[in-house]
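Engineer: Residues per chain, in single letters:
Protein chains: 2
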Amino acid sequence: MTKASVCTIGDEILIGQIIDTNSARISSALEAAGIKVSHKVSIGDERKTIIDTLRKELEDNDIVITTGGLGPTADDITKPALAELTGSEKYVLNEGQAAMVREILHSRGLDVLDINKAQALVPDTCEVIVNRFGTAPIMVFRLSEKDFGHKATLYSMPGVPHETENMLPDVIEDIRRHNELSPIYHRNVMVYGLAESALAMELASWEAALPKDMHLAYLPNTLTGVRLRLSVYGGVEASDKERVEAEIGRLKAILGDKIYSLDDDTLQHAVGKLFRERGLSLCAAESCTGGEIAHLLTTVPGASEYFLGSVTSYAIPVKEKVLGVPSETIQMNGVVSSEVASAMAQGVRKLMDADYAVSTTGLAGPGGDERNPEGTVWVGVASRKAVKTAIFRYHNDRIRNIERFAASALYFLLTFVNSEINN
Amino acid sequence: MTKASVCTIGDEILIGQIIDTNSARISSALEAAGIKVSHKVSIGDERKTIIDTLRKELEDNDIVITTGGLGPTADDITKPALAELTGSEKYVLNEGQAAMVREILHSRGLDVLDINKAQALVPDTCEVIVNRFGTAPIMVFRLSEKDFGHKATLYSMPGVPHETENMLPDVIEDIRRHNELSPIYHRNVMVYGLAESALAMELASWEAALPKDMHLAYLPNTLTGVRLRLSVYGGVEASDKERVEAEIGRLKAILGDKIYSLDDDTLQHAVGKLFRERGLSLCAAESCTGGEIAHLLTTVPGASEYFLGSVTSYAIPVKEKVLGVPSETIQMNGVVSSEVASAMAQGVRKLMDADYAVSTTGLAGPGGDERNPEGTVWVGVASRKAVKTAIFRYHNDRIRNIERFAASALYFLLTFVNSEINN
Chain A
7 MTKASVCTIG DEILIGQIID TNSARISSAL EAAGIKVSHK VSIGDERKTI IDTLRKELED
67 NDIVITTGGL GPTADDITKP ALAELTGSEK YVLNEGQAAM VREILHSRGL DVLDINKAQA
127 LVPDTCEVIV NRFGTAPIMV FRLSEKDFGH KATLYSMPGV PHETENMLPD VIEDIRRHNE
187 LSPIYHRNVM VYGLAESALA MELASWEAAL PKDMHLAYLP NTLTGVRLRL SVYGGVEASD
247 KERVEAEIGR LKAILGDKIY SLDDDTLQHA VGKLFRERGL SLCAAESCTG GEIAHLLTTV
307 PGASEYFLGS VTSYAIPVKE KVLGVPSETI QMNGVVSSEV ASAMAQGVRK LMDADYAVST
367 TGLAGPGGDE RNPEGTVWVG VASRKAVKTA IFRYHNDRIR NIERFAASAL YFLLTFVNSE
427 INN
Chain B
7 MTKASVCTIG DEILIGQIID TNSARISSAL EAAGIKVSHK VSIGDERKTI IDTLRKELED
67 NDIVITTGGL GPTADDITKP ALAELTGSEK YVLNEGQAAM VREILHSRGL DVLDINKAQA
127 LVPDTCEVIV NRFGTAPIMV FRLSEKDFGH KATLYSMPGV PHETENMLPD VIEDIRRHNE
187 LSPIYHRNVM VYGLAESALA MELASWEAAL PKDMHLAYLP NTLTGVRLRL SVYGGVEASD
247 KERVEAEIGR LKAILGDKIY SLDDDTLQHA VGKLFRERGL SLCAAESCTG GEIAHLLTTV
307 PGASEYFLGS VTSYAIPVKE KVLGVPSETI QMNGVVSSEV ASAMAQGVRK LMDADYAVST
367 TGLAGPGGDE RNPEGTVWVG VASRKAVKTA IFRYHNDRIR NIERFAASAL YFLLTFVNSE
427 INN
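Chains A and B, in that order, are what the protein sequence lines are.
Those letters in the first sequence? Residues 7 to 429, by our numbering.
Those letters in the second sequence? Residues 7 to 429, by our numbering.
Please note: incorrect hints may appear among the correct ones.
A pair holds if it fits inside one copy or across any two, identical chains being indistinguishable in the list.
30 Å max Cα-Cα, derived DSBU-like pairs, lysine-lysine [as the list claims (entries may be wrong)]:
no.	residue 1	residue 2
1	K54	K96
2	K62	K157
3	K247	K391
4	K258	K279
5	K218	K54
6	K247	K9
7	K152	K327
No lab work stands behind these hints, which were simulated from the structure alone.
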């Protein structure tokens, strides 16, 4: 199996100034392409360390991907280090990247400075994949057996996360063209409402009976629940795909509506698909989630097609005045109650004249009381003909509780809308 | 200088299933304590790899902190690997952690299973720092010169991010007690409204004139602007602190109200402090930021003291009906305009009867037009006596644009409130 290492370069990651999201993204793409990630390492902007570390990684792996250290300023010294490591004798101008640098800067109304031009200069030992999202090119060094004991390829990617994210498919495509990768077939099943350990118990006997060549991974996430990834490595035939589909059919029979998508979706994307397909409109009333539900929904491009808006009613007068929650309902039941969640959902639905509404009222913490401990949330959903509520309890800190509340609300909304459509 | 390495253990990080936030947090805390982080490495759940990697890291460093691989399931094998590495002959029950396991599980209404009890068993070669936020203890191995060429300490922390975050101060305190760390004096200056490169140019001559023993770091972040960290290492006397304060005085003279805090604050915490101190109330009307401003404000514990609520008015009818934006204002100026931002801020302020309101209307992308390219936002702020707007342009993807829009709005609000208070 092709082996890879991912190396982040830069003091800012090493000393924890910024969180490294690139290496997870790269590893995940490599893994999905059937390449084994053996090692990840993070080093500072120090020429000798870069050279020594990469030499070792190239000896141990078929593919090494570096990210970072390619900025225009003096402390970014990855490029000269790579030139030295690969025995480059001169820098050459890459015309494709030079044109891209001009285009990007002009579109931002900026002049091209010498410091920018220099970004299109690369060691003569590399090929270039033009970076369409930034000024630093992706350098590809194809290294021979005599230097590293085997053929190895080094990809140097920029450190800016959205550039890495957007250019990663080009790098994976280049890897595919130059390596004999085992074909691989993946399918994702998105599950909500069961913790990873509970889900593993639920699936134990099905999992034990899986064919030997099928691999199951559990990928849990606060905002999306558990992603189950079912993979077949090796010679993937039409019959293999059919076998995977048959297993997914079995999963559906076990998990029912705990499965909210058979694509690699988030809850907000699944909500978006459903509402767009059905031509429905949606709004929200948030207390303890404080805007997180609206925020999640509007991270999806095109959300304006179905999402009308929301009210964050943090203060009680806003619940009463804007959403029309009767003050007796609050006095009799308390703010954190099924009745208030229900009135909030109905109130915002009427206010915005939407087909559906979702609401939350709870305690994200710190703090709670006997009846409603920290981590308790009531979620309400309303349509033009019905309203429904549910209670959820979590045991995280404030920010994680808010995330789980919002995710639970989106999941509860999905099941509610689906049940109305199917009845 | 004391040297440290941070090592994350677990297939889920290695293959990119989850993003590693722990190692940045640990590195940052070490760096702030005056410890040099030389190396970060990520390895899978493989016994031999764990032992070999940690042996090498312990040879090269004074302190090694591992995170992860301590869960109760069979694939977590860090503990036996550490036992083997340190020559442990048996496991012993740590009473302190055992009591904590019982307390945590009971508070969640769960029974203590054997699998949980086993978490309080540790190799006899370690000391324990009781984990007050989870079931796996922090193991401290104090290793002798004869094994690793020098005295070295290995801290094994759990992989759950909020446990690592909350227990990190205890680990740093233990490091301080057992090592002769150079004292260090840090001060943070939070700056908004200048990109890192522009800020560096602005500060060039001041920075060049800084005393040799003072160190300046630029820590940029989409949501908080640039954190400037000014540090003095070595024998820190009262006179050193005075010298740092004098430099901060010079910084204030250069940057003026681009400095929004002299603590390690986020914009939403700075807003919270100001509104709480002054007994003021706040609300928001969001279009393109879609709930992100409300979400950021409500991540601050106690936000309900000053934040009344918000309206996400994604659809035009919601802007008109709920916020009272006149439809002629929208027709004459377009949705993305100073006039609409102004009307939204005034409308939500009246609706919620708040002292202040902030609003946004713009295009996060994908897509834009000639007049308002993707990445354009109009921000409005209103008080009981005035209203003000500003335009900002960014060049990121949708999610980053939303973050920058929200941060710019909070910063614009801060300067507006401060100017009203000071006039």
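Engineer: Against this structure, judge whether each hint is valid.
Structural biologist: Okay, the hints, checked on the actual structure:
In this assembly of identical chains, the alpha carbons of K54 and K96 lie at most 30 Å apart only when taken from the same copy (19 Å versus 42 Å across copies). In this assembly of identical chains, K62 and K157 lie within 30 Å of each other by CA distance both inside one copy and across copies; the values are 14 Å within and 27 Å between. Neither within a single protomer nor between protomers do K247 and K391 lie at most 30 Å apart by alpha-carbon distance, with minima of 42 Å and 67 Å respectively. Taking the closest pair of Cα atoms, K258 and K279 come within 30 Å of each other only inside a single copy of the chain (20 Å); across copies the shortest separation is 50 Å, beyond that limit.
Within a single copy, K218 and K54 get their C-alpha atoms only as close as 45 Å, which misses the 30 Å cut-off; across copies the closest is 25 Å, which meets it. Taking identical chains as interchangeable, the C-alpha atoms of K247 and K9 lie at most 30 Å apart only when both belong to the same chain, with a minimum of 25 Å there against 51 Å between chains. Taking the shortest Cα distances, K152 and K327 never come within 30 Å of each other, neither inside one copy (76 Å) nor across copies (73 Å).
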